[in-house]
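S.K.: In case you want the letters, here they are:
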Amino acid sequence: MDILITGLLLGGTYALIAMGLNLQYGMARIMNLANGEMLVAGGFAAFWLYNAGQVSPLLTVFLVAPLAFALNWLIYRVMLLPLVRRAKSRGQLEVDSILATFGLSFVAVGLMLMAFGGDYFSYSYLARPVSFLGDTYALNRMVAFLAAVVICGALYLWLERSRAGMSIRAIAVAPESARLVGIDVPRLAAIAFALGGAVTAAGGALISSFLTLDASTGVVFTLKALIIVIMGGVGDVRGTIVAALLLGVMETFVAALIDPGLTLAAAYLLFILILLFRPQGLFGQRTT
Amino acid sequence: MRRRTLAKGMLAAAALGLSLASAQAAEPLKIGAVGPKTGPLAGGAAVTFWPNVKLWAHDVNARGGINVGGEMRPVEIIEYDDQTNPGETIKAVQRLATQDGADFILAPYGTGFNIAAAPLFDRFGYPMVTHTAITDQTEELAAKFPDMFFTLGGAQGLVGSVVDILNELRDAGRIGNKVAMVNVADAFGIEMAEVARPLLKEAGYELVYDSSYPLGTQDLSPIVKGAKAAGPDAFLAWSYPPDTFGLTEQAMIEDLPVKVYYTAVGTAFPAFGAKFGKAAEGVLGAGGVHADGERFKEYAARHEAVTGAKPDYWASAMVYSSFQILEQAIEAVGSTDRAAVAKYIHENEFDTVIGKIRFDENNSNPAYWTVGQWQGGVFKGVRSTGREGAVPVRLKEGWK
Amino acid sequence: MTGQELRALILSTLALAAAAALPALGSSYWLTMGVTIAMYTVLATSWALFSGPTHYISLATAAFFGVGTYTTAIGIELLPYWTLLPIAAALGAVMAALVGFATLRLSGVYFVIFTLGLAEFVRQIITWVQNLTGQKGLYVLTDLTEKHIYWQLLGLAALVYLAGWLIARSRLGFALRIIGDDEEVARHVGIDTALAKIVLFMVPGAVAAVAGAMLAPRYIYIEPSLAFTPMLSFQVVIMALLGGTGRLWGAVVGVIPFTLLWEAISASFPNQTTLLLGVAFLVIVYLLPRGFVGLLEDARRRLGGGGW
Chain A
1 MDILITGLLL
11 GGTYALIAMG
21 LNLQYGMARI
31 MNLANGEMLV
41 AGGFAAFWLY
51 NAGQVSPLLT
61 VFLVAPLAFA
71 LNWLIYRVML
81 LPLVRRAKSR
91 GQLEVDSILA
101 TFGLSFVAVG
111 LMLMAFGGDY
121 FSYSYLARPV
131 SFLGDTYALN
141 RMVAFLAAVV
151 ICGALYLWLE
161 RSRAGMSIRA
171 IAVAPESARL
181 VGIDVPRLAA
191 IAFALGGAVT
201 AAGGALISSF
211 LTLDASTGVV
221 FTLKALIIVI
231 MGGVGDVRGT
241 IVAALLLGVM
251 ETFVAALIDP
261 GLTLAAAYLL
271 FILILLFRPQ
281 GLFGQRTT
Chain B
1 MRRRTLAKGM
11 LAAAALGLSL
21 ASAQAAEPLK
31 IGAVGPKTGP
41 LAGGAAVTFW
51 PNVKLWAHDV
61 NARGGINVGG
71 EMRPVEIIEY
81 DDQTNPGETI
91 KAVQRLATQD
101 GADFILAPYG
111 TGFNIAAAPL
121 FDRFGYPMVT
131 HTAITDQTEE
141 LAAKFPDMFF
151 TLGGAQGLVG
161 SVVDILNELR
171 DAGRIGNKVA
181 MVNVADAFGI
191 EMAEVARPLL
201 KEAGYELVYD
211 SSYPLGTQDL
221 SPIVKGAKAA
231 GPDAFLAWSY
241 PPDTFGLTEQ
251 AMIEDLPVKV
261 YYTAVGTAFP
271 AFGAKFGKAA
281 EGVLGAGGVH
291 ADGERFKEYA
301 ARHEAVTGAK
311 PDYWASAMVY
321 SSFQILEQAI
331 EAVGSTDRAA
341 VAKYIHENEF
351 DTVIGKIRFD
361 ENNSNPAYWT
371 VGQWQGGVFK
381 GVRSTGREGA
391 VPVRLKEGWK
Chain C
1 MTGQELRALI
11 LSTLALAAAA
21 ALPALGSSYW
31 LTMGVTIAMY
41 TVLATSWALF
51 SGPTHYISLA
61 TAAFFGVGTY
71 TTAIGIELLP
81 YWTLLPIAAA
91 LGAVMAALVG
101 FATLRLSGVY
111 FVIFTLGLAE
121 FVRQIITWVQ
131 NLTGQKGLYV
141 LTDLTEKHIY
151 WQLLGLAALV
161 YLAGWLIARS
171 RLGFALRIIG
181 DDEEVARHVG
191 IDTALAKIVL
201 FMVPGAVAAV
211 AGAMLAPRYI
221 YIEPSLAFTP
231 MLSFQVVIMA
241 LLGGTGRLWG
251 AVVGVIPFTL
261 LWEAISASFP
271 NQTTLLLGVA
281 FLVIVYLLPR
291 GFVGLLEDAR
301 RRLGGGGW
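Protein sequences, first through last, are from chains A, B and C.
Letter by letter, the first sequence follows residues 1 to 288 in the UniProt record's numbering.
Letter by letter, the second sequence follows residues 1 to 400 in the UniProt record's numbering.
Letter by letter, the third sequence follows residues 1 to 308 in the UniProt record's numbering.
Bear in mind the hints are in silico, worked out from the structure with no lab data behind them.
Computed from a predicted model, the values in this text were never measured in an experiment.
Yeah, the Cβ is synthetic: ideal placement off N, Cα and C, and Gly gets one too.
A hint or two may mislead.
[Stated by the list, open to error] Pair by pair, the computed Cβ-Cβ distance ranges are: (1) B:Arg63 - A:Ser131: 38 to 48 Å; (2) A:Ser131 - C:Val283: 32 to 42 Å; (3) A:Ala154 - B:Lys278: 51 to 61 Å; (4) C:Glu184 - A:Val55: 56 to 66 Å; (5) C:Trp165 - B:Asp360: 53 to 63 Å; (6) C:Thr142 - B:Glu139: 43 to 53 Å.
Build out the structure end to end from the sequences listed, making use of the hints.
M.R.: Okay, here's the thing in C-alpha cells:
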C-alpha cells in the first residue's frame, strides 16, 4: 500500500513532466527536445520568487503558465512553422524538428546560464510530513500530485468536450483531413504547442519544490518525458497519465522490493518491452 | 611635407616602442582554467571551482600581481568550458598549451577530468595541483605523472573518519551498532561504499540496510523508508549533491530517528544550510574546514565580497589553496620555469587558507579534512587527517 | 573498375596519405583536432551508411561507443590491446543485430526513441554491475599516444569508406536503394527488407564500438557517465546531416567545418559556448537543410545551367 501510494505520487510528478511534451509532440507534431529547459525555467521562476518574496510555487504557476504560453506560441510561429511548411513528409518534419529543438535547447541552456549562473537551486517548500492511511508522505509531493490531477483532468476534459479541443485532436490524427473540414491547422497547432509549453513550465514550478535543479538538468527531464509519451501512445492524454503512473509505481516497486540500483534500468526495460510488443504505445492507434 | 609625416611617424613608432617596453615590464602571466560551465558537473563547479578562479585572480591582481624574479606580473585567466566532457577537457588543455601559450594551467574540476588531462599536463611539463580529485590510486598516478599532486584526499581517509566517529560514539555508549548505508551508483559512491563495507564489518557494526540508487533518481523516499524500517542507529549515504538534498528532505519528512546522519558531497554547500535551516543541525557530511579559524573566516568574507556567493565548507578553500601553492612556488622560484616550479612544489611547504600543506612521496597532501557537521548554522570540521581546529561531534537530535 | 572509380580510388588514397602525414607537422594542437575530426568522420560516415538509405535516425552511437570503451577498459588488464579492437567490433555488431532485430520493424520515430533509450539502458546496467562487483571508475593506462590513436582512427576510416564502397556495389546496396525509394516496392520484388536493414545497422554498431575502444586510452579514466554521454549521439547526427547523407563522402564534408566551428566557438566564447553552439545549430538547420552536399550540388547545377 505504502509502495503503491509512493509510486502514484512519483507517477504524478512524471505526468507533470510528460504532459506538456505529449501536447507538443502528439498534437502539434513537434518532437521538442527543448522541453526540459522550459521545465527548468519554470522551476527557476518558482525558486526565484520564493526566495525573493516568499511567493508560493502554487501561485507562481499562474504567473509562469501564461508567460510560457506566449513564449512557446512565439517559438512555434517564428521557428517551427517554417519547418512544418517546408517538410514534405512527417518523417522529414520529425528530423527537422529534432535538430531545430536540439539547437534551441542549447540556446535555452546558454541563456539560463547567463541569467542565473550554473549553481544548483533548491528551496524548502511544504517539506512537511503528512499522514495518509497510516503512512507518512511529503506534503509537497502530495500537492504536486493534486496539481497534476487538476491539470491533467482539465486538459482531458478540454480535449474531449470543447470544440477547440476536438479540433486539436483532429489535427493530431489527420492534419490533411482536418484542413479539408475547415480547421485552421497552423493556428491550432500553435495553440497546442504553446499549451504544452505552459503545462511544462507549470510542472517545473511545482516539482522545483522537491527536486534540486540546475541550468543544465533539462535534458534529463526531456528524456523521461519522451519515454513516458511514447509508452503511453503519442497524442493520447489518458495514455500519458497511465504510463506516468505505471512508471512511477514500477520504479518505486523495484526500489523498495528488488534493488534501488535497478530502478532506471527497469524503467528502460519496461519502455523497451512496450515498444516491442505494442509499438504504438499503450493507448495509441496504429498509424499505418 | 612628406618628410614631416615620416618624422612624425617615426616619433609615434618610438613612443609606441616605449609604451610596449613598459607594458612588457608587466606582461601578464597567462593562466589557463578548464572546468564545466554546462553539463552534469556544472552545478558543483559553479559553487566550488569558478568563483575561486575569479577570487584568486582578483586577489593576485589587487596585490599588483605575482612577483616573478622581482617583476610584478598580473595574472590573465583564460577560461574554457569543458561541457563535462573529457574530450573537451583534453582539447581545451591542448589549446591552452599550444595555441594560447599558457604559462601555467589550473587543474580541471572533478576526478575523471583531472585524470583525463594528466597526460597532457605531463607532456607539456605543467605542474598539476589537483583540488577536486578524490582517489586512492595516488601511488600509481604519481608514478606515471610525476608532477601531479593530490590535495583533497582519498576514499580511505574520508570513509575512515566516518567509521572513527561511529566508534567514538559507540564506545561512549551513545549509539548502538546498527548502520544503514546507501550509495549513489556512480564511481565516487561505489568506491566509498566499497571501502566502507569491510571497515564497518571489521569494527563490528551490523549493516542492517545496504543499497545503491542510480544517479538522477527522482524519488528517494523508498530508500529512506527502507532504511528507516531497518531501525538503524546511524545512516550513511555516499551521495552526490542532488541526492544529498533529496535524501535529507526525505529523512526530514520521515523523521528518520537516527543519532548519526551522514550525506557525502553537497552537505558542505551553503545552499544545504540555507535550504534545511534548523533541520540541518547535526547533519554530518564529507569535508569540513576549520570554520572558526580566522584564516577561513577572512577567506570566506573575501569570497563573498568578490564573487557574491559564499564558499562551500570543503573543497572551495582547497581549490583556492591549490592556486596559492602554484602562486607561492612561482614566486619562490622567481621564474616561469615549469620544471623548477614543480620541483619546488615537491620539496617545500606552503602556507594556504586551509593551513600548511606539504606533499608526501606519493605527491599527496596527507593532512586533509574528512568530515564536517552543521553546528549552529555553520558546517564545522569534526575530523581530519591532521588539520587543526576540529570540534567535537554532536548527535543528531531530531529534525525540528 | 571504370576510369572514374579508379580516379576516386587514387584521390582517396592521396587524401588518406595526406591525412596520415598530419603528425609530421609536429603541432600537437592540430593533432588533437585531427583525432577529433577522425573520430567524428568515422562515426558520422558509418552512421550515414545506415541512415542515408533507410532514413532511420539512430541515436544509439553513444551506446555502441560506450560498449567499445568498456571493452578496452575491462579487457586491457587481461588481453593485449590489439585483440580488443576485434572483440569490440564483434560486441558492437552483435548488439546492433539484436537491436535491429527487435526494432527495425518499428516505424521511424519509435526507432529514434528506442535507440536513445538504449544508451541509457546499457549505461544503467553497467553501473549496476559495477556497483554489485564493487568496481569503480576504471583506469586505462597504456603507452599509446595521441599519434597512435590518430593513425588507428584513420585506418578505421579507410575501412569504413571501403565498406561503404563495397556495399554500394553489392546486392545489398542495390536492395537498399530500392528500400530507400519505396519499401513497399522492395518487399514486392522479394527483398527481405528487415534482414537488409539489420545487416546494414551492424556496420555503424561495430564501427562505433571500435572507435570507443580506440579512444579509451585517450580518456584514461572510464566511468559510465563519461562513456555513454548522450551528447555524442546527437553530435554525430548533426555532423552527418550537415554534410549530407546521400553521398559516401558527405559526412566528412560536415565533420570538418563543424569541428572547426565548435573549436572556434569554444575557444573564443568560453562563457557562451553552449548558447552560440545552439545558434550555430539553428543556422545550419534553417539555412542548410540539405547539408553541404546539397549546397555543393546546387552550386554545380547552377554552374552547369550557366552554359558550361
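S.K.: Each hint: holds or not?
M.R.: Verification of the supplied hints:
no. : hint                            : result
1   : B:Arg63 - A:Ser131: 38 to 48 Å  : 59 Å, violated
2   : A:Ser131 - C:Val283: 32 to 42 Å : 56 Å, violated
3   : A:Ala154 - B:Lys278: 51 to 61 Å : 38 Å, violated
4   : C:Glu184 - A:Val55: 56 to 66 Å  : 58 Å, holds
5   : C:Trp165 - B:Asp360: 53 to 63 Å : 58 Å, holds
6   : C:Thr142 - B:Glu139: 43 to 53 Å : 18 Å, violated
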